[in-house]
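Chemist: Spelled out, the chains give:
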Amino acid sequence: MLDRIYPYVVRIAALLFALMFLTPIFWMLSLSLTPEGGSLFAGGFNVSLDNYKTVLSRAPIFGWMGNSLVVSVVTTALVLLLASMAAYSFSRIRFPGSKVLFILFLSAMMIPGEATLIPLYLLMRDVDLLGTRVSLILPAIAGPMGIFILKQFFDGLPKDLEEAARIDGAGFFKIWYRIFLPLSRPALAALGIFTFIGSWNDYVWPLISISDKAYMTITLGLPMFQSSYNQEYALPMTANALAAIPVLIVFLIFQKQIIKGIAFTGGKEM
Amino acid sequence: MATKTLTGGKNTGASARAPRSSLRRQGWVTGVLMVLPYTIFFLLFSMIPILYGFGVSFYDWSLLGDKTFIGLQNYVNLMQDEEFRTNLLNTVLFTVVSVPLITGVGLLLAVMVNGIRKGQAFLRISFFMPYVLSVSVISSIWVIFLQPYTGLLNRVLRGIGLINSEIFWLSDSTLAWASIIMATLWWTIGFVFVLFLAGLQDIPESYYEAAGLEGANRWQTFRYITFPSLSRVTVLVVVLQTIASFKIFGQSKLITGGGPAGATKTVVFSIYENGFQTFQMGYASAIAFVLMLVILVISLLQTLLMRRFGE
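Taken in sequence, the protein lines are chains A and V. Going by the working numbering, the letters in the first sequence line up with residues 61 to 330, in that order. Going by the working numbering, the letters in the second sequence line up with residues 1227 to 1537, in that order.
So here's chain A without its partners, still in its complex pose (with noise of 0.2 Å):
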């Protein structure tokens, strides 16, 4: 009896359960929706964009976006290039002291961001970069993650198609190029999509470094957006759906990749 009914009981909890964890996304959308005080259910399907026109009039919100996607691309490609060519010097080339360099680039990975929070301000004071965007930047960089996955991806590939390339006179930046990128696609993606997401919701570097209006990323002026708005909700939910909708929007058209990518790249992460 129990065995019969076990299964109907699994689909049910875990719909309810996925409701309820789209209930404030719902909720979000219908106080953008509708106007101060009012919502999608109480009001009558009454929709208007009103509130997204105002929000958009009152704050850069595309502007914080774009510095936030500008952060984000040029982070997420550096990474990749970076890290891919380290990760193949260390998993094909080796040179002396290279073991020693991948220890050293692998203990770092235990650091945690927050440690360096205080030298890199005084340091990124004194060379004037402080607030600007490429203060990001820089920082996000230096994480050694990337190399730890790409060099376990390489070590797995097999070492015949190099060989006939390297017979026909390929050198090692070549191979790097025509072989090793083109077959590590898939493992490229998923450091990307983890890089990508990761630079986008940062917060606490950006909240310290970042002062001026014109270069905050959305993470940072959202919130200062909304603190103007005490006892009123509708704005700042919509601010909120500015933020949230384009990021939704492509998350549910690449849910299958990024969702892979988070999986492979988060169980590799030691």
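These are computed hints drawn from the structure, not numbers from a lab. Hints should not be assumed to be uniformly reliable.
[As the list claims (entries may be wrong)] Taking lysine to any residue pairs in the SDA-like style, the calculated list, with each CA pair at most 25 Å apart, reads:
{"#": "1", "chain 1": "A", "residue 1": "K234", "chain 2": "V", "residue 2": "K1344"}
{"#": "2", "chain 1": "V", "residue 1": "K1344", "chain 2": "A", "residue 2": "D63"}
{"#": "3", "chain 1": "A", "residue 1": "K273", "chain 2": "A", "residue 2": "R185"}
{"#": "4", "chain 1": "V", "residue 1": "K1293", "chain 2": "A", "residue 2": "W265"}
{"#": "5", "chain 1": "A", "residue 1": "K320", "chain 2": "V", "residue 2": "V1258"}
[What the hints assert, rightly or not] Take a look, some chain V residues computed to stay more than 12 Å from chain A by CB distance:
{"#": "6", "residue": "G1257"}
{"#": "7", "residue": "L1298"}
{"#": "8", "residue": "Q1299"}
{"#": "9", "residue": "T1312"}
{"#": "10", "residue": "S1360"}
{"#": "11", "residue": "R1384"}
{"#": "12", "residue": "F1422"}
{"#": "13", "residue": "S1432"}
{"#": "14", "residue": "Y1434"}
{"#": "15", "residue": "S1455"}
{"#": "16", "residue": "I1497"}
{"#": "17", "residue": "S1525"}
Even glycine gets a Cβ: it sits at the ideal position worked out from N, Cα and C.
Since chain A is already given, all that's left is putting chain V on it; use the hints.
Modeler: Below, chain V alone, put in the same frame as chain A:
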């Protein structure tokens, strides 16, 4: 090893010797050149800051650069700092409650979803979706969600008769922590969930068939097949969650502002306030090093545990 990579360990005839050694030298150069760009970033933005920060922690260092060497005084002061101790205790309590909770719920959701074929994509999307939002968005959603009178949570709880007076979630220290934990669970469970789901999908079907032949019931199958097979993933999840929990800042800054009366301030909150609000750079650096030490110990424990559970 380098020789083997170069020639595949096969062509070791005398004729290959001369070109091989020159190729090997060329290989070293290329190898170094390919590691160099990352190494420069690593030195400038990871290694040097760490050493510099460690140095700063031995100084009384103001924002404008007035500095006096005071040895271990910052660390001594830290141990007597009532507020730091409270923030550290808050962080530890948050970690102790949220890590098992998030790990447990993530495992539960993964086990449920793993058994469902039809509609699995919808469930996966629902549980993972909040993870892609930024801490600012999720914090603001939850602040509004938790408002007394107008917030959806109180309305629902009142609607189903669970409460008959308003709950002021963010005005009571325990409830404020509960709120932060709820929001964190909602935001980050997707990560834990997909790691467990991937782990579950790696368990060979034959294990379950064998358990079925032995007449194991559902609980026994979970207890003796599923859970042990997930030991590696579980250690990974617990460690990653523990480290992330120790570094909690955004939710506490944005949901409660550290309040009420400082009850939800954390270790990183201490770094932020001492470093960038009262501008005691040396003192804040000392706090950062204590945090780093705690995280190093957790990471080392992880290495030991992983070795024990093997591949």
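Chemist: Take a quick look at S1455/V and tell me if its Cβ sits farther than 12 Å from every Cβ on chain A, holds or violated.
Modeler: S1455/V is indeed farther than 12 Å from all Cβ atoms of chain A, at 14 Å.
Chemist: Would you say Q1299/V is clear of chain A, with no C-beta pair closer than or equal to 12 Å?
Modeler: holds (17 Å)
Chemist: Would you check whether the claim that S1525/V is not at the interface survives, using Cβ distances to chain A and the 12 Å cut-off?
Modeler: violated (4 Å)
Chemist: Quickly compare the C-alpha distance for K320/A and V1258/V to 25 Å and report which way the hint goes.
Modeler: Judged against 25 Å, a Cα distance of about 33 Å means the pair is violated.
Chemist: For a C-alpha distance cap of 25 Å, please report whether K234/A and K1344/V respect it.
Modeler: violated (46 Å)
Chemist: Grab the minimum beta-carbon distance between S1432/V and chain A and tell me whether it stays above 12 Å.
Modeler: Its Cβ never comes within 12 Å of chain A, the nearest being 22 Å, so this holds.
Chemist: Would you check the hint for K1344/V and D63/A, treating anything up to 25 Å between C-alpha atoms as holding?
Modeler: Holds, at about 19 Å.
Chemist: Do the alpha carbons of K1293/V and W265/A lie within 25 Å of each other, as the hint requires?
Modeler: holds (24 Å)
Chemist: Going by Cβ atoms, does R1384/V stay more than 12 Å from chain A at every point?
Modeler: Answer for R1384/V: holds, closest chain A Cβ roughly 15 Å.
Chemist: Mind verifying the non-interface call on L1298/V? Its CB should be farther than 12 Å from each CB in chain A.
Modeler: Holds, since 17 Å exceeds 12 Å.
Chemist: Is it the case that T1312/V keeps its Cβ farther than 12 Å from each residue Cβ in chain A?
Modeler: holds (18 Å)
Chemist: Regarding the assertion that S1360/V does not contact chain A, is the least Cβ-Cβ distance greater than 12 Å?
Modeler: violated (4 Å)
Comparing the model with each numbered hint stated earlier shows that hints 1, 5, 6, 10, 12, 16 and 17 do not hold.
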